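Q: Residue numbers (our numbering), protein chains in the order written: chain A, 130 to 354; chain B, 130 to 354.
Do not rely on the hints blindly, as some may be mistaken.
Treat identical chains as interchangeable: a pair holds within one or across any two.
[What the hints assert, rightly or not] The list that follows gives simulated cross-link-like pairs (lysine-lysine, DSS-like), each with its CA atoms no further than 25 angstroms apart:
| no. | residue 1 | residue 2 |
| --- | --- | --- |
| 1 | Lys351 | Lys157 |
| 2 | Lys266 | Lys154 |
| 3 | Lys179 | Lys351 |
| 4 | Lys200 | Lys148 |
| 5 | Lys179 | Lys154 |
| 6 | Lys198 | Lys179 |
| 7 | Lys154 | Lys351 |
| 8 | Lys255 | Lys154 |
| 9 | Lys200 | Lys157 |
| 10 | Lys351 | Lys198 |
| 11 | Lys179 | Lys266 |
| 12 | Lys255 | Lys286 |
| 13 | Lys266 | Lys157 |
| 14 | Lys154 | Lys286 |
| 15 | Lys351 | Lys266 |
| 16 | Lys255 | Lys351 |
| 17 | Lys351 | Lys200 |
| 18 | Lys255 | Lys266 |
| 19 | Lys179 | Lys286 |
| 20 | Lys286 | Lys266 |
These are calculated hints, taken from the structure and not from any lab test.
Computed from a predicted structure; not experimentally measured.
Protein chains: 2
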Amino acid sequence: MDVTITPLVIAVCPSLYLKDPETSKLGKRIVAGAIDLVDEIGLEQFTFRKLAVRVGTTEASVYRYFENKHKLLLYLVMWYWGWMDHRLTAALAGLPTAEDRLRRAIRLLTETVAEDSDFSHVNEVKLNRIVVAESLKVYLTRAVDEDNRQGAFQYYKQLVERVSGIIREVNPTFAYPHMLVTTIIEGGHLQRHFSHHLPRITDAPRDGEDAVVCFFTHLAFKTIS
Amino acid sequence: MDVTITPLVIAVCPSLYLKDPETSKLGKRIVAGAIDLVDEIGLEQFTFRKLAVRVGTTEASVYRYFENKHKLLLYLVMWYWGWMDHRLTAALAGLPTAEDRLRRAIRLLTETVAEDSDFSHVNEVKLNRIVVAESLKVYLTRAVDEDNRQGAFQYYKQLVERVSGIIREVNPTFAYPHMLVTTIIEGGHLQRHFSHHLPRITDAPRDGEDAVVCFFTHLAFKTIS
DNA sequence: GCCGGCACAATAGTAATGCTATCACTTTGC
DNA sequence: GCAAAGTGATAGCATTACTATTGTGCCGGC
Numbered sequence: 130m131d132v133t134i135t136p137l138v139i140a141v142c143p144s145l146y147l148k149d150p151e152t153s154k155l156g157k158r159i160v161a162g163a164i165d166l167v168d169e170i171g172l173e174q175f176t177f178r179k180l181a182v183r184v185g186t187t188e189a190s191v192y193r194y195f196e197n198k199h200k201l202l203l204y205l206v207m208w209y210w211g212w213m214d215h216r217l218t219a220a221l222a223g224l225p226t227a228e229d230r231l232r233r234a235i236r237l238l239t240e241t242v243a244e245d246s247d248f249s250h251v252n253e254v255k256l257n258r259i260v261v262a263e264s265l266k267v268y269l270t271r272a273v274d275e276d277n278r279q280g281a282f283q284y285y286k287q288l289v290e291r292v293s294g295i296i297r298e299v300n301p302t303f304a305y306p307h308m309l310v311t312t313i314i315e316g317g318h319l320q321r322h323f324s325h326h327l328p329r330i331t332d333a334p335r336d337g338e339d340a341v342v343c344f345f346t347h348l349a350f351k352t353i354s
Numbered sequence: 130m131d132v133t134i135t136p137l138v139i140a141v142c143p144s145l146y147l148k149d150p151e152t153s154k155l156g157k158r159i160v161a162g163a164i165d166l167v168d169e170i171g172l173e174q175f176t177f178r179k180l181a182v183r184v185g186t187t188e189a190s191v192y193r194y195f196e197n198k199h200k201l202l203l204y205l206v207m208w209y210w211g212w213m214d215h216r217l218t219a220a221l222a223g224l225p226t227a228e229d230r231l232r233r234a235i236r237l238l239t240e241t242v243a244e245d246s247d248f249s250h251v252n253e254v255k256l257n258r259i260v261v262a263e264s265l266k267v268y269l270t271r272a273v274d275e276d277n278r279q280g281a282f283q284y285y286k287q288l289v290e291r292v293s294g295i296i297r298e299v300n301p302t303f304a305y306p307h308m309l310v311t312t313i314i315e316g317g318h319l320q321r322h323f324s325h326h327l328p329r330i331t332d333a334p335r336d337g338e339d340a341v342v343c344f345f346t347h348l349a350f351k352t353i354s
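All chains should be modelled from the sequences, with the hints used to inform the complete structure.
A: So, in C-alpha cells, the structure goes:
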C-alpha cells in the first residue's frame, strides 16, 4: 500500500494575500494563530495587533502577509472551501448513484467537522466553527463585487457548481440547482448557529439524528423530486 | 369607509435603545437618517459621526439614543420584523385555507419591498435593502446570547412562530417547521443578495417570475408535503 | 412671570484601532 | 562572501468609539 501522504496543497486566490503565507514559517504561524484567535474571541474582537502578540511577531509583519482582517478572513474561508472540495471529491468517488452522491455531499456540507486532519498547520475543526459563525460576512460587504472580480470566490463557486451538477444528474429538469446548493450550505451554517444561540427558532432532532443534516437532506430530495 | 389611519406603533424592545427615538423629533431624524446612510454607504462605513453630520446634530447626541452601531442596527432590523408581522397579519386575514396563507406569507417574506408606506419616518424600501444586506450580522455576533436574554429578538421569534403555525396547519406531522421558516427568510435574503453580486451561483428566473419567490414557494410546499 | 429641569449643541479629550514608514539585523540563495 | 529578502523594533498618524463638561434655549409648574 502506498503510504505517501498527498501533500494537501490548497492554492487560494493570490489577490487574498500580499505574500503567500504558505511560503514561510511565519506565514503558517500567522494563519494557524489567526484560526486559533478568531475561534476564541470572534472576528469583531480580533485585531492584527492581538494576532501579532499571539504569534510572537509584530503588527507590521502581519500586514506584510495580509492587507486587512477582511482579506484574512476571506483567505481562511476560501482555504476551507478548497479543502472541502477535495474532501467532497474523495468521499464521492466510490459512490455509484447520483442520489447516493447527493446524500453524501449534503451530509459533508452540513455536519460539524469533528476531527482535525493534521495534514497541515490548519486546524479544520476550529476553521469549521469560524466558517459557521463568520463566513457569511465575507459576502455581506461592499467589497463583494471587487473581491469577486479578482476571483476570490473561485473555490466556493467551483464547489457549488460540482454539487449543482449532481442535482442535475438526479433531476435534469429542476430549475434552481444553484439556489438549492447555496441554500443548503449557508442555511446549514445558520441553523447550526441558531441551534447554539437561538434554540427556540429551531427544532429538536428526531431519533437522535442530527437535525440539521436530516432537515436539509429531506428538503433537498423533496425539492428536486 | 373608515379612513382613520391606524397609527403604526411598533414597540421595539427597550434594551435596544438608551432613549426611545420615537419620543422626540431628533430621535426620529436619527432613525430616518440612519436608514438613509446605512443604505447608502453600508454598515461598515457607517459611523455615528457621519450620522450626526447627516442629521445635523452631534455625535454625543446620537449616543444618548443608542449605545453603539450594533444596537442601532438591531433596532432597525427588529422594527422591520415588527412592521412585517403587522403586514403579514393584515395580508393573511382574509385567506381561507392554510395553503393560501402559507403561499402568501412566503411571497411577502421573500419578495422585495417596493413601496414606502409613508406611515412613519421610516422608509421601508431602504430598510428592506438594509435587512437583506446586513441583518444576518445581527445574529452573527458574540453578543447574540446577551441580546437574546434581553428579549431583543422578540419580534423575529414571534413572526417565525406565526409562520411555523401555518406550516403545522398544512402538515401537522412535519418535524422541522421553525427550521423551514428561518431557512426561507434568511435564505431568501441571501439569494436576493447573491443575485445582485454573485449571479453565477444563482439561477435565472423562469417565465419572467421572481426566481427567489418561486424557488422558496416550491421548496416549502415540496418539503412539507 | 419666574424657576427648575430637560434636551440639545458645542467642544474637548481618551483609548483603541487600522494602517504606514523607517531602519537595523539576520537569514537565505547564489 | 555578498546581495537580497525577510523579520523585528519602534514610531507615528488618522480614524473610530466612546465619555465628560459646560452652556443655552425651551417647556411646564407654581
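Q: Please write out, lowest number first, the hints stated earlier that are contradicted by the structure.
A: 1, 2, 3, 7, 10, 14, 15, 16, 17, 19
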